[in-house]
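*Asks:* Dock chains P, G and S against the given chain U, drawing on the hints supplied.
Protein chains: 4
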Amino acid sequence: MVRWPLLWARRGEAAAALLSRYRGSLAPGRGCSSSSSGSRGPDMDELLRRTVAALPPYESRGISPALREGPSQEFVDFYRALETDGRAALLTKLAADYGADHGLVSQLCGQVTEGRDVDALLQAEARLRYSLTPRYKLLIGHICRLEGGVKFLVDLRADILQLLQSQSADSPQLREMNGILKMLLSDWFSVGFLNLERITWHSSCDLLQKISMYEAVHPVRNWVDIKRRVGPYRRCYVFTHNAMPREPLVVLHVALTDDIAKNIQAIVQYGPSPERSEDVNKITTAIFYSISTSQQGLQGVELGNYLIKRVVKELQGEFPHMKKFSSLSPIPGFTTWLLEILQIKEGKSNQIFTELEYKEIQDAIEGPVLETLKRLLSTNEWVRSDKLVRALEMPLMRLCAWYLYGEKHHGAALNPVANFHLQNGAVLWRLNWLADVSPRGLSSSSGMMANYRYFLEDTNHNSIQYLRSRHIEASEQILSLAAQCQKSSKL
Amino acid sequence: MVRWPLLWARRGEAAAALLSRYRGSLAPGRGCSSSSSGSRGPDMDELLRRTVAALPPYESRGISPALREGPSQEFVDFYRALETDGRAALLTKLAADYGADHGLVSQLCGQVTEGRDVDALLQAEARLRYSLTPRYKLLIGHICRLEGGVKFLVDLRADILQLLQSQSADSPQLREMNGILKMLLSDWFSVGFLNLERITWHSSCDLLQKISMYEAVHPVRNWVDIKRRVGPYRRCYVFTHNAMPREPLVVLHVALTDDIAKNIQAIVQYGPSPERSEDVNKITTAIFYSISTSQQGLQGVELGNYLIKRVVKELQGEFPHMKKFSSLSPIPGFTTWLLEILQIKEGKSNQIFTELEYKEIQDAIEGPVLETLKRLLSTNEWVRSDKLVRALEMPLMRLCAWYLYGEKHHGAALNPVANFHLQNGAVLWRLNWLADVSPRGLSSSSGMMANYRYFLEDTNHNSIQYLRSRHIEASEQILSLAAQCQKSSKL
Amino acid sequence: MVRWPLLWARRGEAAAALLSRYRGSLAPGRGCSSSSSGSRGPDMDELLRRTVAALPPYESRGISPALREGPSQEFVDFYRALETDGRAALLTKLAADYGADHGLVSQLCGQVTEGRDVDALLQAEARLRYSLTPRYKLLIGHICRLEGGVKFLVDLRADILQLLQSQSADSPQLREMNGILKMLLSDWFSVGFLNLERITWHSSCDLLQKISMYEAVHPVRNWVDIKRRVGPYRRCYVFTHNAMPREPLVVLHVALTDDIAKNIQAIVQYGPSPERSEDVNKITTAIFYSISTSQQGLQGVELGNYLIKRVVKELQGEFPHMKKFSSLSPIPGFTTWLLEILQIKEGKSNQIFTELEYKEIQDAIEGPVLETLKRLLSTNEWVRSDKLVRALEMPLMRLCAWYLYGEKHHGAALNPVANFHLQNGAVLWRLNWLADVSPRGLSSSSGMMANYRYFLEDTNHNSIQYLRSRHIEASEQILSLAAQCQKSSKL
Amino acid sequence: MVRWPLLWARRGEAAAALLSRYRGSLAPGRGCSSSSSGSRGPDMDELLRRTVAALPPYESRGISPALREGPSQEFVDFYRALETDGRAALLTKLAADYGADHGLVSQLCGQVTEGRDVDALLQAEARLRYSLTPRYKLLIGHICRLEGGVKFLVDLRADILQLLQSQSADSPQLREMNGILKMLLSDWFSVGFLNLERITWHSSCDLLQKISMYEAVHPVRNWVDIKRRVGPYRRCYVFTHNAMPREPLVVLHVALTDDIAKNIQAIVQYGPSPERSEDVNKITTAIFYSISTSQQGLQGVELGNYLIKRVVKELQGEFPHMKKFSSLSPIPGFTTWLLEILQIKEGKSNQIFTELEYKEIQDAIEGPVLETLKRLLSTNEWVRSDKLVRALEMPLMRLCAWYLYGEKHHGAALNPVANFHLQNGAVLWRLNWLADVSPRGLSSSSGMMANYRYFLEDTNHNSIQYLRSRHIEASEQILSLAAQCQKSSKL
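Residue numbers (this note's numbering), protein chains in the order written: chain U, 139 to 629; chain P, 139 to 629; chain G, 139 to 629; chain S, 139 to 629.
So here's chain U without its partners, still in its complex pose:
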């Protein structure tokens, strides 16, 4: 499972185009060894020989010929010109043939195991460490020095991630290369090297256009929309990186309110007019209502949590009296999970609904209850019947609380958004009924949204607790709903 949560990454235009080509080219029966890439094989071998330098011997590590721009640029140009399957072939070859020198590793391993004095041991470990460097890491190191090189590598990793998801292209070497690249990107995109920028209506048009495009949580419909999201009672912050100018890496939208928000439409559709000026006295609360990342290739690189943290500081500087910090978050996957539960409990509806609830639902719909209910839930039509909405409130809230609090994957919260905020040290604080009645909100979250609240003095402690013991800090409301669910719904 991809563990870059909440931040539904939307890759840049180029990568999107690439993706569509992938889908075409990686159709069944057209593996990487297909004729087209096969015919390019010799070129590739030749290219790789020319462009991937050998690792210098341990003794002269760190001293590289100064101006090796040519070959790296050649690699970049060659790669860019390739179609999807060509890229797959090249990456596979690079990963397989230009990794570490396994023989040398094995030999040096032998030297480490012998009992030796500290100096010799550390020397042996250092040599071993160096020998474990895949040869392609040198190429990567050269590419990152080219103009636009870092962006190229980020996009390259996006390609690798795509490949890894297709069975035909997956390979241990590719997975290794992905790991190596992720580690490097994590180093380069350390928070110390990121620039925090506030985006306003005075920011540059290209930035605002990108931010509109990247917004994955609550899509921006037009320029009136985006103007409101950077206007009064709103804040929009991004991280950028010097090596990728004019490219927002991760975007956080904040609403400034007087209490913790329970409805998203009030924020994104009916916000204050862009001409109004803010009344500072009405601002006591910051609602993080959207966080999106734009670079698929930075999957797994921690950016979102650092952005939240920096923005909290920024807001505290601007509003010293600000007291409450909370997300207003979607619950992606809940509707799907709910429909599965209903399927599983076919004929055992009393394990899901109380008798009274079942009756009210029965009153609100026509036809066989569970079947009809499933249909109405999967088509979002249930929301049109006030009666049904009332009847479903309690059971769905209960089920959702359980879904967020009780359902786990490898010990962590199953829901990726929950997992993200809990890792950051937030508290699972409130579930809101009819909080997002957009088609998207109904389809994914049955119209509910959650507040993950950040009690600043506790986030560190909570984060450690969650990561160590998988303990989820939750409010009374959540705990009580989840408990009811366990009792009445017998999940």
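It is possible that part of the hints are untrue.
Covered stretches of chain U, as calculated for chain P (at least 3 residues, CB under 8 Å) [said to hold, decoys possible]: (1) 241-247; (2) 263-276; (3) 324-334.
For the record, the hints were derived by calculation from the structure and aren't laboratory data. If you're wondering where the values come from, they're calculated on a predicted model, not measured in any experiment. For every residue, glycine included, the Cβ atom is placed at its ideal position computed from N, Cα and C.
*Replies:* Relative to chain U, chains P, G and S alone:
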């Protein structure tokens, strides 16, 4: 010998102060285990336990508790408050006790050596690679995320380098830590993450003040001086890094001339007045007459060569017809080497001078020839006698050509400036007599300077040749002088 | 008729709102002396007494009490709060009661007329000049020092211009105030105090939004549209002024082409994609295809011609080989003029069309020729019939050439766009058939557009010729068409 | 007397050079009509005919040929190339021959005087007003549109002011031209068009260098000095104007203190180290300790008072709790005035000193009392004798209080600094003994300094009072000292 050539690093003020304290505290008989640091011992152990987190297990690498700012900041504050010997003790302890888990490494080495399928092998290698991560690397990773954290680490490495130069503090673990830190800094200060800035008289005062202070090759005497060095017919470029704002990392001074310069005073003392405007038609040549680095802690991180390369591009953009690129460089160490040679050849002066030369020298001075000559050379007084200057020109030029071309250290050019430019792919092009008659120039280089010329189309090839086979590309003048030296001077 | 030509001023939002209120309030029967404003009368008198300081005596002119912010701000606030008729009343009162001291003027006039020595004469003139200063000029001088004061005065002049157009409010004093204000604004918005800014897709969103709104010549439909107009092969420049930050005063759109453009849709609708990069070799020509001003209150202040001039310099700097500069301009008023001509020549169509032409037109339409033709022309339907389009080309081109070349108003070209470019020294160079087939283009210019070409070495001479002797410099095409028209159309 | 007070204008380098040439060239016997300028006479006439356009007729005012850059530039170049006496000749000719059309003025005056209806009267006045425009005003209007044109005009006015001070060049026409130019510059340099910039150590070097040069009140000795004056507990603000980029027009230095300062050395020599950070709680008071203007040609244009006003707002924004605002000002001219008084009162010392005071002075010095005292005061030596310092404190404080409060020139305070602050609405608040013991401070102010305090709510009222009735608002200390002086010193 420090292998950060030409770039006589001048550390910042703080580090300079630190250094002076070092010198005091590391006096004989006051080792790191002295009572004062001994008494802090328990605190340190306690601190390190608290602030250096354990490496997460391989499986959950990459997921760190989000907001671990506190402990890292605590380490930073604790370290900053320490005196020199305290720092030495803390670093030594950190390096020794919080390195890699040698037992685990050894165990995983065993698993690598067995014959296995690719997947298992790569997995084993990945685990091994991870296990070789010293535990303190995690701390470093956290510190670099703090505000001012990167600068702290750069200064920390400067401290380590100082320690390694004192015998009492040197240790294999410290050396390992130095290597780890250098590698990280090399990653972070990759050229893709550096900003090139041109410095002019319109640049900010604090930058110009720092650049004046850092100028180590031809010291800046006052503000008139620095105004000229950023004025017409001059260019001054620096690299800066986002994580260390307002801090020039490496500075390159260029003079724009109509031919390759042979005298430094003409550039730094009698340059064109700051009010004159440039006549583009008179500019055909760029002379790199000074390159200085400011951060001792970035020793060994390649910055100077990349700066030269970027500046060449910049100048080509500004002056499309620019044809010649060359350094005008000091030859530090030559006078010392020369005096040693004279010492060694005591009584065999015919192996150094021709008969005629010897006579002319004899005519020019009073008293016993070699002894007097050595005195005059070591006191810079020889330059006051025109006769002696004329008499010494040929033999000293010859010897210096040999010194630059023939004297090696581990196969590379002994002279660090030569080694720097040859690594960059420059040609050892011309030796200039009476090129720097400042006291500094006379003391270190007997008044000579060298031009290392950059033929742009050849630098890549030259660099590779030099690094591979230690071949030095040199001009006719140099080769001929060096050959004469070999013949007549019998070195 | 408003003589701020081509630059169809579109006033800012505030002024637009004001305008709509005007229209309501200045309805018949509700003059300025209506009860509502009458009841405010005393307040106004009181306010003006308080806020409009008396002119200091001649001797202490130039020394004003330092911090007179209060009263000026009071006037501004009072004025802003007024409805349209209140504003009319206040302005009328201010103009009438706070002008120059006519008695003093008359008295000083007497002193000038007497024969005197130079010193006394100049003194008398200076006193007279000073006495001719209307008292309200002092108020204006104070307001311009307030924050936002200059913008207030620009908007105030827009109000005055509106008033002058309504008969009930026109007055000699108001006209005088308008003249005084225009002179002051001309001084303040001298070209030396304007900033030239190039607008690109990287410019700030609010600027681009304003530029889209202000574009009056070829309206911007959406953000794709505006992105293209600041993209490759396009340039967009504005003048801004420090005292009105973030407010483009006049906007010039340029297309970069390889020849003089003859069709506007090719430029504004089907331009190159925003992702393409420019091929400098294909750029030889600059087409000024739109110039718009945004401040109604700056009517008559020369900005457009200076902007063109500055942009020409800018383009020559960027494209040293650029050879041709030309406008592609609408011919507003032509269709109206044409329909009048057709009306006048009722029954004398042979004075307009040749026999052959008349026949072709007759063939192309049904029903009574002239009547039908007028209908088709006024509804833009003629353009749907290829036959009719062909039949009309010659006669309409001929008539239009005459309209531009021959029709005069006070000796100057009747068409305001023509007058603007001819004043700038351009040549009436080419008439283009079917050059703008948008509804707007058809309605105003019967689909034709004109190129006014700027031969840079001649503009100065042409401008002087045109201003002095009303001589219009025109191309062969124009002269020949106009001559034919005079001959065959007998206008 | 030049009435640009306190702001001891220091003209730019160019003007300074010009001045020195003046002094040379205007030596006795070499008048403006000397042979050299005489020989240029015809050229000048020719040039002026070519470059100074005639005023367009009233009807076509406001429509000027578009691109008249050439002639104006020619005038500028011609003028710049002239020596001092050539400039004098050209300006004199321009002022004399290209003024208003006196005949026309006289004629139009006749039309005004007749009794007429409003419309006709206003028309006649408008024509008269227009006819009073000197022809050279058109040239000025064109020059201000050139690049660097505004700076040229400012420097031109500096030349005129110099000329007016030399008897041989003074003329009514030149004086008129000075007045016209001053009025125009006052319009252009209205506060709405000025940019406020805070200067810090991060500001550009050229700005800081200029600010150091322009500092006339307490000269900046070196870069350590200027670094302190823009460092912690200090603020430095300037006004700049878009038409004169990189040129500070007026500079205000402020010290942030916890009480009203009484000694200038504590501020400019022993201020806090540039590395200290400010403790906001210790900042309750802003001391304006220096205000300097840099453009001689802006003499009489109000800038200093507006700068103070803007800075007060800026400081209130930064330090909401700031309570006290005051200057710490020199008293230039006092020592000279004092020596005159002593001269006048020769033999009547009892009208200046009390008997006791006289005795103490006599005890402190040797030789004839008044004579010796005058010598000691004019050589600044008195300050070396503690005894004398004590003896003089009361009488000098008393005399100085009277000098500031009682001595008038045309009804205004004689002391220009006092006049400046009183016009701004400040209160003459405190006299400080031994407040500036620098040679400059002793020579001009006998070591005393005055605080002019700004009580913000009263400044407007005070300013009006002072300007209208010449009433000086002063503190108890001042009033009491001045009263004693009147009584005991019988001035």
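*Asks:* Hint by hint, say whether it matches the structure.
*Replies:* Now for the hints, and whether the structure bears them out:
no.: 1; hint: 241-247; result: holds (count 3)
no.: 2; hint: 263-276; result: holds (count 5)
no.: 3; hint: 324-334; result: holds (count 8)
Comparing the model with each numbered hint stated earlier shows that all of them hold.
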